[in-house]
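So the chains spell out like this:
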Amino acid sequence: MSSDSDKLRLALSRHFVDSGEKERLMNLLRNRLAESGWNDTLYAQCRETVRQRKLENVTLDELVKESSDFGRSSVNENIKKELLVQIKKYLDTAFDS
Amino acid sequence: MNKSKSSKSSAAASQADSQQQLEKQREANQAFFRKVVTERNKKLDDLQKTHTVLEDNVSKLSQQSNGTKNGSSGGITKATMAYSLLGELIDECIYDVLFEAHRDIKQGNNICQICQTRILSILTINHCCVFIVSRPGCDIYGNTYAANSLPSYECVGCRRMIAAVRYAPHLEKCLGLAGRQSSRVANRRLGSASPFASSAIQSSGPSDDHIALSDPETSHSDNKKKKKPLSSSATNGISRIKKLKTSSSSEKL
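Protein chains in written order, with the working numbering: chain A, 405 to 501; chain B, 491 to 743.
Some hints here could point you the wrong way.
Stated by the list, open to error - Which bits of chain A does chain B cover? Going by a derived footprint, with three or more residues having C-beta under 8 Å, they are: (1) 431–437; (2) 440–454; (3) 468–478; (4) 486–492.
Simulated from the structure, these hints should not be mistaken for lab results. For glycine and all other residues, C-beta sits at the position ideal for the given N, C-alpha and C.
Pulled out of the complex, with its shape left as it was, chain A reads as follows (with noise of 0.2 Å):
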């Protein structure tokens, strides 16, 4: 049933989070995120558009569906370069050993 495709993404996850690259990068990618303010924006902008349309009892997946959009997309060029760089260093290691 599962391609081979999503067998070696299996795969490559779990090496992902076993290295401990996972949580070296989470960490890079949180400091960056709080340093350029990112956390701050995306939670007003949550309370903002919660306030506005007067979502009374917001479940987290309605809040997932509105804000996330706006989450990603307001991530700075900069840090995502970054990450990107690492990941591909990382890669290029997994798949050579």
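Using the hints provided, position chain B relative to the given structure of chain A.
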């Protein structure tokens, strides 16, 4: 005569004042406008740069992928993998922020226990106190519920819908972590040999009290269920000790 003259001059003075105020406001508006425009231009420049970089890379990748496709992955390039990993990382960060926002919104509707105030404006992000309700019959957020009205969820192993209250014990039996009977049943379903059952008993020792309850149920479920082979994804994260060792050694890159 004097009074009218003074009133005229005061009117003129107030007119001059209001004109000055208008001018100041105009200047402030213009400065703000300029700031917004420069920010937008910066963003546009950044995006333009990434666009050109990506265009260059697309042509390179199409040349590369013709070479590496046959070698490694069959359809997935390194760039795709890189982007999907980056997407996962960013999504986690987004969820972190959204959890906090959701929690604050929910608790913002309650009255604080200590200072007896409610958060009226969203500008106060860090309130002094903690919102915990301790009335009998409610959970800490003040919600009441009946056990039967809770939603049901899909079991990870057998893919049936199970009520929330019964989820944990069902999962124990389904994955064979509860005791003798369920580990034998689960092992048969997974298609492995029973010698694993003995190792499972040692690892799940303090579940003997479940066996008295579980016997009529498991024998019933034995007769009823046709053995559906569990999908491999269900056993990846929750497999037994021995299975974990063998599977990790075979999947290592």
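Legend entry - 8 Å C-beta test of the region 431–437 of chain A against chain B, three or more residues: With 3 residues in contact (Cβ-Cβ under 8 Å with chain B), the coverage given for the region 431–437 of chain A holds.
Legend entry - chain B covers the region 440–454 of chain A, three or more CB atoms within 8 Å, holds or violated: Our answer is that it holds, as 7 residues pass the Cβ test (under 8 Å) against chain B, meeting three.
Legend entry - Verdict on chain B covering the region 486–492 of chain A, criterion of 3 CB contacts below 8 Å: Coverage by chain B holds for the region 486–492 of chain A (4 residues, Cβ < 8 Å).
Legend entry - 8 Å C-beta criterion, at least three residues: is the region 468–478 of chain A covered by chain B: holds (count 5)
In the structure shown, no violation is registered for any of the earlier numbered hints.
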